[in-house]
Structures are given as structure tokens and as C-alpha cells.
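Participant: Top to bottom, those sequences are chains A and B.
So that you can map any letter, position 54 of the first sequence is 54 in this note's numbering, and since no number is skipped, the others follow by simple counting.
So that you can map any letter, position 80 of the second sequence is 213 in this note's numbering, and since no number is skipped, the others follow by simple counting.
In short, the hints are calculated from the structure, not lab data.
Worth double-checking, as some hints may not be accurate.
PhoX-like cross-link-like pairs, simulated, lysine-lysine; straight-line CA separation at most 25 Å [as the list claims (entries may be wrong)]:
1. B/Lys165 - B/Lys435
2. A/Lys106 - B/Lys409
3. B/Lys385 - A/Lys39
4. B/Lys409 - B/Lys358
Per the computed footprint, the stretches of chain B lying under chain A, defined by three or more beta-carbons under 8 Å from a beta-carbon of chain A, are [to be verified]:
5. 381-388
6. 426-433
7. 455-464
Ideal Cβ placement from N, Cα and C applies to all residues, glycine included.
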Amino acid sequence: MKDSAPLNWRKFPERYNLRGNYCEECGTAFFPARAICPKCRRKGKLVKKDMPRTGKIYSFTKLHVAPTGFRHETPYYLAIIELENKARVLAQLVDTEGEKVKIGAKVKKMFRKMGQADKYGTITYAYKFRIVK
Amino acid sequence: MTEVVIVGAGMTKFGEHWERSFRELIAEAAIKAIGDAGIKGEQIEAIYGGCMASGRFIGQEHIGALIADQLGLNPIPSTRCEAACASGGVALRNGYLAIKSGEHDVVAVGGIEKMTEVSTEEASFALGGAGDQETELFHGATFPSLYALLARRHMHEFGTTEEQMAMVAVKNHANGMLNPNSQFHREITVQDVMKSTYVAEPIKVLDCSPITDGAAAVILCSKEKAEELGLGGIEILASEQGSDTLSLADRKSLTELRATKEAARKAYEKARISPKDVSFAEVHDCFTIAEILAIEDLGFFKKGKGGMATEKGKTTLEGEIPINLSGGLKCGHPVGATGVKQAIEAFEQLLGRAGERQIKNPQIGLAHNIGGSGATAVVSIFKKWGVGE
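Isolated chain B (complex conformation) (with noise of 0.2 Å):
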């Protein structure tokens, strides 16, 4: 069966772009990857882009035609997938099997959401679609609150604290200072978080991941087409999917999140790697817990110990396995791109083009894309392919 290759990446800033619509944003990345693919977009046979509630933000729907004719791509098969946050990682996966598949050779992933065109309340009642709608947001839920608890139930099977869940955002934050794509370019302190206000017990502010416009594009290739063309870039070795109950109630463990267990199993053995072949991870830390379950569950440290690999600082720029080099989810968290984003940090660290916050030859990246409080999960793992002329 045929190779898979990202053969170019391109993204806009995340932040506040209220100056700029949904359309600009999309059209700057995916402008931006094939520019940087080297390619023509009329080679391009097919789009994939990940967004989530354009409904609720914009009142946009129909985002698969709407990117291709943006694009002035019409008339190519353009298809929108929706995983709430995850759908830029299902976007993702659904482009690299449309040329594993070999109906294509060259296929345009994106990730978009804008997200500040409506006010913070309505923002929160957007993103609560990524849950259960009649058994949790009836009730009073909201995202914050169901990541707070699993963070709760952590902390009392394990002893994790609330001072652990704060490293991780302070290492982010660090991380993001290095990322000129990053929303916030601010460093803080273990005490910065805990003195942040509480949103839902144990989750403060800063544990959160913020309100974001951003989108990103990569473009994907068949290793057969990459070399017929010249091109280089890293090798998609895996892209695989979980999925678990969509209420939290449901599920049998709430220190675990299976959907993530169950893609990376899958994931490292169609990689034939382990966890600790793993060079680095972009993971889901949409709130700290979150990335805690992540390197947890992905394999990279025992269940339990998490939080206190993180303290240990493990999962630093200098760790044993830097965890979210690109800020992760601090670095702005526009739920559809986010996905796709995870994908080109790992493409800029393999390549060797990721700047200041580059590290030393890396082999294999993963990307970890988590949507809702853990009903899908999307884990990728790329490695390394050639240069191209």
C-alpha cells in the first residue's frame, strides 16, 4: 500500500483576528502550505478540512464547498469533518486515508475555527456541543467542569495536586514564548495559576486554553508523487482513531481517557514503535489534566504518574520527552485547527525549521487530538522522509 508524506505546512497567527474573517483565515493557510509544498493548487485532488461549530461561531455551515471555492479550487470533492475538537486530527486521518486508499495522490488538509465573533457565553455554549447534550449541559455542565471532574478523580486515586496541573501550564506558556504563531507570548509562575480564579474546582483559569481565530492547512502526498515531483517532507507512519461514550458518566474509569488508549495502541504497532522511540508529542491540553491523562495514557509515563513527571520536568523543552513544544492548546486553541496544527509542529521539528524552540535532531514526532472530554481521539505519529531538491 502506498506511503503517506505531509509535503507542506502553512498556518496563520492564532490569536484575536477580529480584522479577518473565516474565509481570509482559511485561505492564508492553506495559500501559505502549498505554497510552501512547492506545488500548484490545481494539483491538488481533493480537500479535507476540520471545523467545528462554524454553526453556532458564524452562522457558516457547508465549509467543505466553501474552502474549495475559496481556494478557487471548484470543482474537486471538498468535505468538512466534524469531530468537536478533534476534527482537525480526523481531518487529518480521513486525508491521509484518500491517498493510502489510492483514490489520490495529492490531497489539502485544513483546520479552522473563529471563534470570537460571538460573545464568551455563546462561545461556551458552542463548544458544550462537543458533550452530552441532554445528560450533562442540561444539567449545568460545562467543559471546564467535566475536565475538573476527571482532574478531581485523579487527584484522589493518585495524589496528583493542583500545583502539578500549574506546571503544565507554566511549561506551555514557556514553550509559547519561543512559537511567533503562539497567541500569548507571556510567561508565568507556578503562583500565577493558583492565584488564577477558580472556574470549575480544581480548574483555574489558567489551566484553560483560550478563545481563538486561527486556522492551518498542510498538504499530503503520495510517496510515489513526492518523489515523481521532487518534493520532500515527513512520513505519516500512522494516523489512527478511538472513540469512546460521549457522557462522562458512562465510562468506566475517569482517570483514562480509552479513546486515546485505543488509538495509540493502534497507532505504535502499525508504526512498529514503541512509546519511547517517541522524540517529542504534541497533545491535547485543552485544560492541564488533560495533557497529565495524555502522557499517561499515550504510554510515556505509568498511569498515576503524570503529574509528578511533569514536576520532575520531564516533559520540558530539555525533558526525556518535551510534551507541547509548540505552546500545545496555550498557544491558542481554535478547536477545529488545532488538529491540523499538532501535525505541523511535528513537521517543523522533523524538518529542523522550528526556530528557537527546535529540538536536537528528532526521529519521531506524535500528535495527540482529543474531541470533547475524550469521545474521540485522533494519535498520528510521523517520522522523518527526505529533503526535498
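Next comes chain A alone, as it looks inside the complex (with noise of 0.2 Å):
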């Protein structure tokens, strides 16, 4: 992942809120948000809305081969959630045993440190899930 200041400090609320957007108009949430509604294009009517912070698990995999910067955390999980709003998002789920992860399985964000590009690089934060009863 590249470290850039500019970067990880405009994503502040889209990692650490989940900030996204939706269409007044057909009422499609997006996250991230969206500059224009692929379904009403110029009727559309952006919003700015942070996500639910609770859904469930649409696909996940168990990762054994990490990127830089991760593998110091293999073997992770990785899903996509289905959130309330049926906005959906990929992120790590954390704090959970293996043979709780299944597709249907009920998540919350979690706010987590995502990283560090080296040692003297910009400390990232944003958003992981865990399995929640």
C-alpha cells in the first residue's frame, strides 16, 4: 500500500465512519460514496450518510499468502459484508474464531489499526469487523 499523508488524511471519514452516500431518489446507499447514482445518473441526488455498522457476512476467505505490509497477520480472514442497508464492503474481520465464520453470520465494525507503510511511515486506522452473536 503507498503511504501518502494526502491520502490517508481525506479517507478519515470514509475509514473510521464508514461514510458513505446514498440517492435521495431511489434511495441506493454507496460506500464508498459515489459521485454520481449509476441508476438515476443526473436525477440523482447524492447525500452524504455514514453506513449501518452492523451486517451480515456475504463471502469471506481465510488468507495464508499476505501483501506486504500484512504478513505478519496470516492466516486473516477477509469478507464481504452485506451491511443493513444492503451496502456491501470488504474488510478483515477480527476477534473471531474460525468455525464461527460462515456466510449469514452477523458482524459489527470494529474501529482497528490497519498499518504502517515502515517505520516511519503514517500509522493507518480504519474499519474491521467482528462476528457478533
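With the hints as a guide, bring both chains together as one complex.
Facilitator: And the structure:
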């Protein structure tokens, strides 16, 4: 991952609060925020909105071979989560026992450290999810 | 409107070419293609070159100019096309369109990637650029993990098994055995695949395509010009392209690739054929699940039946619709070259030049090239056209 101060700074609302937007015209939620509603086009009206913090696992995988910066975390789970407003987000699952990771399992957003590009690099934080009962 | 034919093809062996450079590889493929066509380099009017990530792999951009330079073809226009792993397919389509438009009569299309100059970790980072940097790679996703998310959902909705995915690898390795240009010449069993280590569950090492160096090139010509020059080859009946969201999470369905379906629908319509008219297909099997998705999305089998069709042997060399006769991406996957290599397999098969892996009297061939996790797809359809003088 590229270490970029402007990128990390402008991503705060998205990464910390799951801020996306939704189209007032058709009600579709977008995460991350989109510049245009693909369905309503110019008739759409996009309004900023934080996404719900709970959802369900739509698909998942357990990674054994990680990219740079994530090696110390292997194996770890990645999932596509369907939030309660139907928007989907890809995120890591944490604090979770393997046998509980299933399609349909309920999850909740957490705030976690993501990583650091190098010794002097920016420490980044973002959403991860954990399974709830 | 003018028709477009492929009149010559050439490629390097796919593999780890540590002793050879990027420019040597593309020059070899292009010189072979020009020789195969039986034309002179000076007759080429424009070049389209597919290349995904040379900046990351070898620190070199401006690939269009490099290719024209190395072929001694300055000052003709030469353009690089980038669409991740579909770069080759997109280059082919742009060459096709350049002739269709009436602007050019003879065009060279190349594809190349030199992936072994860097460590596996750096190569993975370069390939990761095909996904969504901000919402996928930032969270620790890799390409195998994105396809694993697709595979898991396919297994969940249709009962597709890891063994069925393994059978794709077994078949493509078997086909690769018969292809002298294949990176691997090694027979494997379902057990070998099942026992190979997990990369991102349910995807294992032997479900994945390898890191490869290689280049491929074809010479395209308008039909009138080919007739005038007495050249033979195959006709491109259609070359269509579709797109989808960059990130997987934004897709409505994870069990189909919309870009493939859209490109295929338009290609069949333009070629005025249906999936059952296709004699064989080269499909994008970067991971085994990708071939199962492709054979469904291209309409060869119903949605959800791709795994079972593979298990029943319907896609083998002797099967009802042979898939990836070249060995597919198991034959090696120099990402920018793959889309062009697929067209070369169609060329060899339709002209009866495919040697040991030649199928009997094929009429129509199809090539399907994917970028990333399916955000770009190119589907091209080919037909035997005639033999040169």
C-alpha cells in the first residue's frame, strides 16, 4: 500500500465512520461515496451518510499468503459484508474464531489499526468487523 | 464495412526468461508474426501493444514507443493498451477497430509482460493494481483472495466443490503438456491440487496461474488487402468489450461476471452465432473458479452447472466444448500477453496447425480475456477464412 499523507487524511471519514452516501431519488446506499448514482444518473441526488455498523457475511476467505505489510497477521479472514442498508463492504474479520465464520453470520464494525508503511510511515486506522452473537 | 482477418501469429515460449529482456521478448514474438504472415515490416501501418504493469515490473513505461523502436518501425503510430490482465485482449480489439474504421489496412498487435525481474512479493503488489487500491488492497486483499470470495459464493449457491475446481487445473495442465510453448509440462492429479497449500481458502497453489515472462503478436489485415496480397488466415467475426465495477463488493452478484456476459452477448449478436456454434474456447482461467464462471457466463453451460460440466469431462480436449486447449493461463500468464496468446490458439486451431492438441475440423473459436476480478472483459470470435497462396 502506498503511504500518502493526503490520501490517508482525506480518507478519515470513510475509514473511521463508514461514511458513504446515498441517492435520495432511489434510496440506494453507496460505500464508498460515489459522484453519481449509476441508476438515476443526473436525476439522482447524492447525500453524505454514515453506513450502518452491523451487517452479515456475504462471502469470506481465509488468507494464508499475504501482501507486504500484512504478513505478520496471517492467517486472517477477509469478508464481503452486506450492511443493513444493503451496501457491501470488503473488510477484515477480527477477534473471531474460525468455526463461527459462515455466510450469513452477523458482524459489527470495529475501529482498528491497519498498518504502517515503514518505520517512519503513517500509521493508518480503519474499519474491521467482528462476529456478534 | 471492411472485415478483419488475422494473417500471421508468433509468440515466445512462456516461462521464466531470466536471460532475456522485455524488448527481446516482444521483438521475437513480433518478428515471428511478421514472418508467419509473409509480409514486410514496412507494410505495417500501426501497432497496438497490450501491457499491464511494466512500470512496476521493470520501471519502463512508454511501451508503445519502445515496441515500434525495437521493431525498426519508426515513425508509425504505436499505442499501449492497459486493462490489467485484459490488456492483450483490449489491444487486439483496438487493432481490429483501427482496421474496421477504414483508417488502416495492416496492423500489428502485441502483448507482453516481463514479470520475473522482481520478487514474488513485488509481483503480487504490481498485480494488485488490477483491483481497487482503496477498498480492497488497503484491507489486505490479494488477487487470489478476491477470486476466493467469488469461489466461496459459487460453492454456497450452487454446491460447486473444491474437487471440481481442481479438475479445471488437472485438465489445463494435461492440455499444456501438448503445447510446446507452455510454461509447465507436468501432469497433475486432483489429489495434487487438493494437497497443495492454501493461498486464500478455498483457493490453493495449484488453482492459481503462475508468474510468467512472455510475449505474443498477431498481424491483422483488412480482407481486401489480404486478398490483394494473397494472404490466408482467420476472420475476426466480432471483438466486444464490457466493464463492471472495479471492486467486488459493489457487484450485485458474485456468481457471474457481468462484463463477460455483456461482451459475450454483443459478440454473439455481431457474429450471428450462438454459444452452441462455438467449436472451442480459450477462457480466462487465472484461477480455476474463473474458468467455471467463464463457461457459464459465455453460455456454454447453465449458471451453476460449470463445476459439474467440468467433472463430467465436457470441457476436455475430447469433450463437447474443449476449453483452454493451449493449457489456458496454466500455460503461463504473462498478463499483458495472455489476450493475444488466446487469439493465437484460435489461429492455430482453425488453421489446423495446433499439432498434438489439434481438434478435428473446428469452425468457430472464441477467446475470453478478463481484467482484474472482472472489471474488464473482452470476447472475440474467430472463423476460419482461407489459406494463402
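Participant: State for each hint whether it applies.
Facilitator: Right, here's what the structure says about each hint:
1. B/Lys165 - B/Lys435: With Cα atoms ~40 Å apart, B/Lys165 and B/Lys435 exceed 25 Å; violated.
2. A/Lys106 - B/Lys409: The hint is violated at about 43 Å.
3. B/Lys385 - A/Lys39: holds (13 Å)
4. B/Lys409 - B/Lys358: At roughly 32 Å apart (the allowed maximum being 25 Å), B/Lys358 and B/Lys409 break the hint.
5. 381-388: Since 4 is at least three, the answer is holds.
6. 426-433: It is violated: at least three residues are needed, and the stretch 426-433 of chain B offers just 0 whose Cβ sits closer than 8 Å to chain A.
7. 455-464: Coverage by chain A is violated here, the residue count being 0 at a Cβ distance below 8 Å.
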